[in-house]
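Colleague: Okay, here's what each chain looks like letter by letter:
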Amino acid sequence: MKSLLRYLFPLIGCMPVLVGCMKWDYGTIEEFSATSNGLFIVNEGNFQYGNATLSYYDPSTKSVENEIFYRANGMKLGDVAQSMTIRDGIGWVVVNNSHVIFAIDIHTFKEVGRITNLTSPRYIHFLSDEKAYVTQLWDNRIFIVNPKRYEITGYIECPGMTMESGSTEQMVQYGRYLFVNGWSYQNRILKIDTETDQVVDQLEVGIQPISLVMDRNQKLWTITDGGYEGSPYGYEAPSLYRIDPETFTVEKQFRFRLGDTPSELQINGTGDKIYWINQDIWQMSIDEDRLPVKPFIAYRDTKFYGLTVDPRNEEIYVADAIDYQQQGVVYRYSSTGETIDQFYVGITPGAFCWK
Amino acid sequence: MKKPLLLTGLILLLLPITLAAQGTDSTTNSSTPSDWQRKGISIRKIFVWGRRPMKQIGVEETRLDSAVLKENIALSIADVLTFNSSLFVKQYGRATLSTVSFRGTGPSHTQVTWNGMKINNPMLGMTDFSMIPTYFIDDASLLHGTSSVNKTGGGLGGLVQLATQPAKANGFGLQYVQGIGMFKTFDEFLRLTWGNDHWQVSTRAVLQSSANDFKYRNHDKKENIYDENKQIIGSYYPIERNKSGAFRDLHLLQEVYYNTGKGDRFGLNAWYLDSNRELPLLTTDYADDTDFENRQREHTLRSILSWDHLRRNWKTSIKAGYIHTWMAYDYKRDPGNGIMTSMTRSRSKIDTFYGEAEGEYTPNDRWLFTVDLSAHQQMVESADKNIILQQGNQAIVGYDQSRIELSASVSAKWRPMERMGISMIMRGEMYGTQWAPIPALFADYLLSKRGNIVAKASISRNYRFPTLNDLYFLPGGNPDLKSESGFSYEAGISFSVGKENRYTLSGSASWYEQHINDWILWLPTTKGFFSPVNVKKVHAYGTELQATLATILSPEWKLELNGTFSWAPSINESEPMSPADQSVGKQLPYEPEFSATTTGRLTFRTWSLLYQWCYYSERYTMSSNDATLTGRLTPYFMNNLSLEKKFFARWADFSLKGTVNNLFNEDYLSVLSRPMPGINVEFFIGITPHWGK
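These protein sequences, in sequence, are chains A and B. In terms of this note's numbering, the first sequence is residues 1 to 355. In terms of this note's numbering, the second sequence is residues 356 to 1048.
If you are wondering where the hints come from, they were derived from the structure by calculation, not from laboratory data. Check before you lean on any hint, since a few could be wrong.
Cross-link-like lysine-lysine pairs, in silico, DSSO-like; alpha carbons within 30 Å at most [to be verified]:
(1) A:Lys148 x B:Lys410
(2) B:Lys740 x A:Lys148
(3) A:Lys131 x B:Lys687
(4) B:Lys585 x A:Lys131
(5) A:Lys355 x B:Lys585
(6) B:Lys740 x B:Lys804
(7) B:Lys854 x A:Lys131
(8) B:Lys892 x B:Lys837
(9) A:Lys252 x A:Lys294
(10) B:Lys617 x B:Lys523
(11) A:Lys110 x B:Lys570
(12) B:Lys854 x B:Lys1001
(13) B:Lys740 x B:Lys585
(14) B:Lys598 x A:Lys110
(15) B:Lys941 x A:Lys110
(16) B:Lys617 x B:Lys687
(17) A:Lys62 x B:Lys941
(18) B:Lys539 x B:Lys687
(19) A:Lys110 x B:Lys585
(20) B:Lys585 x A:Lys148
(21) A:Lys148 x A:Lys131
(22) B:Lys837 x B:Lys941
(23) A:Lys148 x B:Lys539
(24) A:Lys191 x B:Lys740
(25) B:Lys687 x B:Lys740
(26) B:Lys837 x B:Lys539
(27) B:Lys577 x A:Lys355
(28) B:Lys1000 x B:Lys854
(29) B:Lys670 x A:Lys191
Chain B stretches covered by chain A per the calculated footprint, using a threshold of three residues with CB under 8 Å from any CB of chain A [unchecked claim]:
(30) 692 to 703
(31) 878 to 884
(32) 975 to 984
Think of the CB as a built atom: it goes at the ideal place given N, C-alpha and C, for glycine as much as any other residue.
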């Protein structure tokens, strides 16, 4: 027994060795100076995991920097980064499930301010230095904010929505009016008077208009996803619509096939070509009368999730989310569809923002 | 000097592989003063492997006896498994969702039964172990991998069997324990028992509540310091409280057993759960928690009627059960008028009717035949969202589906010679109209009687059917999903040695290999919701080691060391999902490759000191196994310590206990963005009156 004790007591004494000493690694804050005309890539991350990130790509050097928000600020961007908008050298990154919009210097990527306590922010649109609108999911209001003071200053009530069914998305301005597409369980484009902050009109389109852009002829374009099979709201073939904002009527409707999943409607810098994802990448002149029959860039076992067009040279950038659990990849194509570059970014790259 | 050092080193190396007892008798564990004064402290009997029960042929099982389960009655089964098994317990925070997975598989690959009835959520497939208090479980065992086929199908990882047992009361009995802990935590435990030769009646109640507002350093956020022009002039990592994390759980368990004394036993078990939990804010959330409410409520009744009929060489058992679950999830915010308004109002109702008949026949000591037929009728109503239709009227997004789940098995267990056993099981399962055969073969061989060294091996084919959410959830349910299927085989060796009332030492090592096809994964769609698809092919393999040592140091001192170690690669062997896919050949996310646990229990007279330690290696959060700055879950160690003192009076027994969790105040995460508490303390006082004794 004595010999047993001789071994057991040192053993008990050694137990604390097993505890280890865990030190939290904060990383180091890096100084950036990105002066080129680059591309921000907003990576959603995984819902509820707080692992959204921001990447920055310099097309001239073909170099990419990932996790720039964390590296420049020493903190996380948050949960589900949705979109980014630049105004006067400040980038506004909307982080949906963190209820926050971060304002960052677009050269140093350092935070300069934040707007908090938003319901479920999706996009921000600036009306002036001291006034912007923020659309929401799960809220029947569009928030009015003061970007200078980083404060919520008011709300625009949206008709026909409750908090639970509320959904407003992308915003396009035409004169004093702002047009907003509803999305989740919605079928309308809302027209807002930016002077009175009131919804003054609404236009029914198909089920779930998902994007909104304006072409060089001052025409609005929206694309619907058609809902899903079994939805009590309805399920139909998606459509692409051209809308005259002046008369607020549908001028053209282009129907897809039932089961198609068009998304991410984009427009080039000159405003004469639109692009979207429908498994493949599609391109169409704004003057066409029918949908193209051949894709611009063919699907090749990719999960195309994000799309943008360089406003300067019409190069196309397509994000592939792969399995949504690893770094996504962005493919860069020339304006004629040839591959130029590809680079890894963050998890689920969903939105882009040109500097 | 060299020799002791070497031996100490060897023991240290073995420490992580020491283990929870297998087949031990726990009744000798709790000592009364008369026990230790009369005969000193006794240790658990060792199991004689040579007469291994026929049912155990080739089976890889970890038993958690009542001593382990009752070490800290305030814990959930999730906490017990964390420190006493090789399973991976993924905790989303204190008193929040805790899932359990075996051998690099997923939480829905772990089947869970309570007194034989499956309690996996039929909508999700998984079980929340944080909702199962150890106070209600008298016997728990883990059937690893192929061994689960003995009891059920679908356990691609394994099976957790939870059971209650008759109280063995003679007359009236009462136990009351109260716990008070940090973060305004209050725990109440009450058990009333009554029994005689035929009847055993027990009522148990657990009420646990906590503000759960522990402080932690938020490493994911920075608080800014502004000047009067709203310019940032500084920032720091704030110390925050766990916001919106309060909970109140009430559990009631009623048991009635009647034993005729002539081979028949009737039982009734009814367990009612009323849970009301807030869901804590993520570390990356910038909402004002007073403006938002994020709450989950659950009412569940699980009830079973059973009849066991035992005869000399055969027995039958019939069970009937019913589960009703009502779950609510509410996400609300105050839009500024002081009224919390619903943003998401999700309700689901599950009714499960259960029936099972089992039979065993032992014609002689070489053969055992079993037959089993069980049915679970699942009925689910899920209402996930209220919307306004295009016509202006309101509608609910959800589904209403039923499914019958049948499982039947026959088995023959044969011991042709004393040292050797062979067992063959043929199970068939039918979920709805889908059918799957689940065969398994087991063998063991006693290599040495002296060290009770037994070698064992098994092989099985298993299937897991999609859950009702996988098939029907709106939006996203995929009715075309295939079942996940797995082919697995394993081999192991175990030993046990000991000397009566001196020491026991036992251990086991096993190696396993498993291929799972058509692994179901929920992936986002371009329409903004998730949808399940059969995408992955996974190769899980590895080693599990377990060992235990119990020794009497002196007539008044006893020491027990238990531990586990697991090496569990779980590799994605699917075809690339895209040309740029970097996940092929990589460890699955959120599956640790290495884990280990150790428990040390030192008993002196009526004092008891318990030390628990566990370790998880890094869990990747990305399928490509990239270690990014924002997605790392570094390895962590966790240490708990408790000290208990028992007092004995003529009319009652008392106990005082203090526990320290996260002893070294480690900053750690189990899941990204989910805060975990630092060091925290809870005190318990217990009383057990001697009524009529």
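Colleague: Any hints from earlier that this structure breaks? Give me their numbers in increasing order, please.
Modeller: When the structure is compared with the hints, numbers 1, 2, 6, 7, 13, 15, 16, 23, 26 and 29 turn out to be violated.
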